[in-house]
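Peer 1: Residue numbers (our numbering), protein chains in the order written: chain V, 1 to 291; chain P, 1001 to 1498.
These are calculated hints, taken from the structure and not from any lab test.
Worth double-checking, as some hints may not be accurate.
Within a straight-line C-alpha distance of at most 30 Å, the following computed BS3-like cross-link-like pairs (lysine-lysine) qualify [stated by the list, open to error]: (1) P:K1425 <-> P:K1103; (2) V:K146 <-> P:K1112; (3) P:K1472 <-> P:K1482; (4) P:K1077 <-> V:K146; (5) P:K1070 <-> P:K1112; (6) P:K1338 <-> P:K1230; (7) P:K1425 <-> P:K1070; (8) V:K146 <-> P:K1383; (9) P:K1357 <-> P:K1482; (10) V:K146 <-> P:K1103; (11) P:K1338 <-> V:K51; (12) P:K1472 <-> P:K1294; (13) V:K51 <-> P:K1236; (14) P:K1357 <-> P:K1274; (15) P:K1294 <-> P:K1357; (16) V:K146 <-> P:K1380; (17) P:K1208 <-> V:K51; (18) P:K1217 <-> P:K1295; (19) P:K1217 <-> P:K1425; (20) P:K1208 <-> P:K1295; (21) P:K1077 <-> P:K1112; (22) P:K1472 <-> P:K1230; (23) P:K1208 <-> P:K1425; (24) P:K1077 <-> P:K1383.
These numbers were taken from a predicted model, which means no experiment stands behind them.
This is what each chain is made of:
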Amino acid sequence: MHQSTFARTMRTIAGWLVVGLFFFPIYFWTSVAFRDAKDIFNWPPILFDFKPTVRNFEQVFGISLGFGRPEAVTPGGGNFYMAPRLLDSIIVAAFSTMLAIVVATLAAYALSRMNFRGRHQFVNWVLSTRMMPPVAVAIPMFFIFKQFNLLDTYTGVIIVHGIMNLPLAVLLLKSFFDDIPAEIDESALLDGASRWTIFRRIVLPMARGGIAATAVLCFIFSWTEFLFVLTLTQTSLKTVPVVSSTFVTSIGTAWGNMAALGAAAIVPAFIVILLVQRHLVRGLTMGSLKQ
Amino acid sequence: MRDHDRKLYLASLTDKLVKGQIGRRDFLRTAAKLGLGAGALGMGVQRAPFNFVSSARAQEALQPSPETLKWVADVSKPFAGTTLKLATESTPPSNALNSQLKKYFEEASGIKVEIEVLPLEQVLQKLTLDVASSLGTYDLYYIDQSWAASFNQDVFDPREQLQNAALAMPNYNIDDFLPALVDGIAMYDGRMVGVPYDIPIFIMIYRKDIYDELGLKAPTTMAELASNSKAIMEAKGPAMAGIAGQMKSGHYSLECEWTSMLWGHGGSIFNPDKKFVGNDEQGLEAMAYWTELKKSMPAGVDGWTWDGQGQAVAQGVAASMLSWGEFFPYFDDPTQTKISGLCEVAVPPAATSLRTKDQTAFGETPGVGHQGGSTLAVSKYSKSPDAAWIFMQWATSADTQALITALGGGTGPTRTSVYDDPRVKANARVGAGTTRHLPIVRETIANHMGSEPDLPEWAQLSSDTIPVALGKYFSGGYASAKEAMDDIATQVDDVLKG
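Please model the entire structure based on the sequences and the hints provided.
Peer 2: Okay, structure coming up:
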């Protein structure tokens, strides 16, 4: 189809504008991380004309990056020292995602392939658990976890995040498994393969894209979850969304430090998405064409 | 060494520090040999935002007294290995304790102290859960003054704890706490709900350079506050407003500002019959005044808590504020603001008339200097109350409070003796962590302090009922101030009836 130069140019400009629209908040937030407090709030806002500093990162990660005047950095101390908290986030998100995916793939395969009484009702029930507001279960969870000594532990938070993500993971994976023709399973069964072998050797590799897409969603939900971590942890661990509120002090908010942690927290999630990107695109488009 | 030579040597030393040829540690050590402390040098040690403190300074200049630590070591022997937990708001004292001072206690006592720093509303959530479950997940409670009534039965009265001579710190001197603060923050129904731990209080902070330029003087009356603010707005606005407010709809900060206006016009929240009277003649006068004063505030003030208010002054968007004195050291920090050294403090403007405590209810004490603050108390559900009591005494002792004030960025002490401590006075110069505003804070506590009422429902009334309705008024949700205040009166009545 022929397009005029004008139309092409306009389309390119529009494309860049949309990209700019999405990129600008990330740029501005990241730039705040590199500013002194006196350069953050200005009218009119300063976009580029500020003297960059890495002090916010030095305080948040307790390291000296060696730029500018030597600063007293307090590794392991200080209320704004957040490096361990970033690690907490990675551990919780990674293991809760693994937990959810392992359980969900088994459950989703069973729901997709096996006929049993009340199968459809079961799917609806799984979906309904997702509709329950987390705040309704946070307090009872606190008491249960205290009883089982799971309060303020990695295990506790990983279990909660895993359970929280399970309904969504089961439903998503079931739809991915549904898109893989059941005839493949039947052929393998005729050839003498067991259900477990079919699941592990045939269906699972074919659903790799769907599993990757589901894992990314589980990881992001866990990465950004606030309420359960706030309620079920104290001092042993905390994830990034919860510790971000530490920067809100009685005499104002340390926006530069908060932005430094926020900018750093983008990186692990970005790496995870990057690693599974190839599968992700395939997973998200699975089933979009009817044969 | 002659004075002249000493100054020359010091200048050369400072030059080397600025050029990075020597480290801060070497500089301080050499300067100390010259008989000059960092405070005397007028430079302070550069601090990170919001009272993040320099470890170099803590280690070299300000350390707990050996006598106090010896007592801690002796008395803590049976409790070595215990872990204590405290959930607290991110305040200067808590930050100084957590990041700089608790390590001394831990080393001496063998008791581990874990401090969870959270925003105020999250602290309330944690405390409520702990009390409701009686599980003792926290050993110490940080209790905001507005929660004292709610938690008064859940903590030990420190006066009773002091009766145990075996665990009592020598020279703890509970009478050293400012009496007005004990009454305003800690007392409820005859019980002492912990000891005063921090004291943010409303003082007048204003830009001296702007005031001088326009020939203004620090306001001594509410009328002068309004006229000064209006004059600045007319001369400098809209780039610079006369005064900044903390008027976010539905937020506790809005209620704080309202009480200051209300009390400053002879009103009160309750009358002796325990009825809400913010809608009486004085209450409506206050609303009219406040509505007019708002015209001298920056646009967007409806969305600001004290955070936005402080930023407005720090960034030169507003020339004054009647607000928390805790902000002042931040304003003086040249690495954080553009107004270092330009602000001055004064006691709050005098009220047009002032009701006495007898004319109110629930212990409400009218005064333009709205008092915030909190107490530190040992939880009744703690599994280690004795160890917690030892830590609490150490954390609120005169020696530790002096260190907190010096290291914690010039926060207001709650003990009389700390205001006169040489370590605190040494920081009374322009720069980060200044204490030059503390004489005004002290005078405001003594003569201008206003305290909110103490009743179990106050947390709900002050953080929800009143600020939501006030926010609705300022956004045009009511036809008049009278209608707004009458509605608040009805709602307060409903809450009190349960």
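Peer 1: Confirm or reject each hint.
Peer 2: Results of checking the hints against the structure:
1. For the hint pairing K1425 (chain P) with K1103 (chain P), the CA-to-CA distance comes to about 25 Å; that is within 30 Å, so the pair holds.
2. The hinted pair formed by K146 (chain V) and K1112 (chain P) meets the criterion: a straight-line CA distance of about 21 Å does not exceed 30 Å.
3. The hinted pair formed by K1472 (chain P) and K1482 (chain P) meets the criterion: a straight-line CA distance of about 13 Å does not exceed 30 Å.
4. Among the hinted pairs, K1077 (chain P) with K146 (chain V) is consistent with the structure: their alpha-carbon atoms are about 29 Å apart, no more than 30 Å.
5. For a cut-off of 30 Å, the pair hint linking K1070 (chain P) to K1112 (chain P) stands: about 17 Å separates their Cα positions.
6. Simply put, K1338 (chain P) and K1230 (chain P) have alpha-carbon atoms about 23 Å apart, close enough for the 30 Å limit, and the pair holds.
7. Only pairs whose Cα atoms come within 30 Å are accepted, and K1425 (chain P) paired with K1070 (chain P) is accepted, the gap being roughly 26 Å.
8. Note on K146 (chain V) and K1383 (chain P): the hinted pairing holds, with a Cα-Cα distance of about 14 Å set against a maximum of 30 Å.
9. Distance check on the hinted pair: K1357 (chain P) and K1482 (chain P) sit about 25 Å apart at the alpha-carbon level, within 30 Å; holds.
10. The suggested pairing of K146 (chain V) with K1103 (chain P) holds, with an alpha-carbon distance near 28 Å, which does not exceed 30 Å.
11. Distance check on the hinted pair: K1338 (chain P) and K51 (chain V) sit about 14 Å apart at the alpha-carbon level, within 30 Å; holds.
12. Between K1472 (chain P) and K1294 (chain P), the direct Cα distance comes to roughly 15 Å. Compliance with the 30 Å bound is thereby established for this hinted pair.
13. The suggested pairing of K51 (chain V) with K1236 (chain P) holds, with an alpha-carbon distance near 28 Å, which does not exceed 30 Å.
14. The hinted pair formed by K1357 (chain P) and K1274 (chain P) meets the criterion: a straight-line CA distance of about 12 Å does not exceed 30 Å.
15. Of the pairs offered as hints, the one joining K1294 (chain P) and K1357 (chain P) holds, with about 29 Å between alpha carbons and a cut-off of 30 Å not exceeded.
16. Between K146 (chain V) and K1380 (chain P) the CA atoms are separated by roughly 18 Å; this keeps the pair inside 30 Å, and the hint holds.
17. Simply put, K1208 (chain P) and K51 (chain V) have alpha-carbon atoms about 28 Å apart, close enough for the 30 Å limit, and the pair holds.
18. A C-alpha spacing of about 20 Å is found between K1217 (chain P) and K1295 (chain P), which places the hinted pair at or below 30 Å, so the restraint holds.
19. At most 30 Å may separate the alpha-carbon atoms for a hinted pair to count; K1217 (chain P) and K1425 (chain P) meet this at roughly 26 Å.
20. The hinted pair formed by K1208 (chain P) and K1295 (chain P) meets the criterion: a straight-line CA distance of about 21 Å does not exceed 30 Å.
21. Our distance criterion of 30 Å between C-alpha atoms is met by K1077 (chain P) and K1112 (chain P), whose separation comes to about 13 Å.
22. A C-alpha spacing of about 24 Å is found between K1472 (chain P) and K1230 (chain P), which places the hinted pair at or below 30 Å, so the restraint holds.
23. Among the hinted pairs, K1208 (chain P) with K1425 (chain P) is consistent with the structure: their alpha-carbon atoms are about 22 Å apart, no more than 30 Å.
24. Annotation: proposed proximity of K1077 (chain P) to K1383 (chain P) holds, straight-line Cα distance about 17 Å (limit 30 Å).
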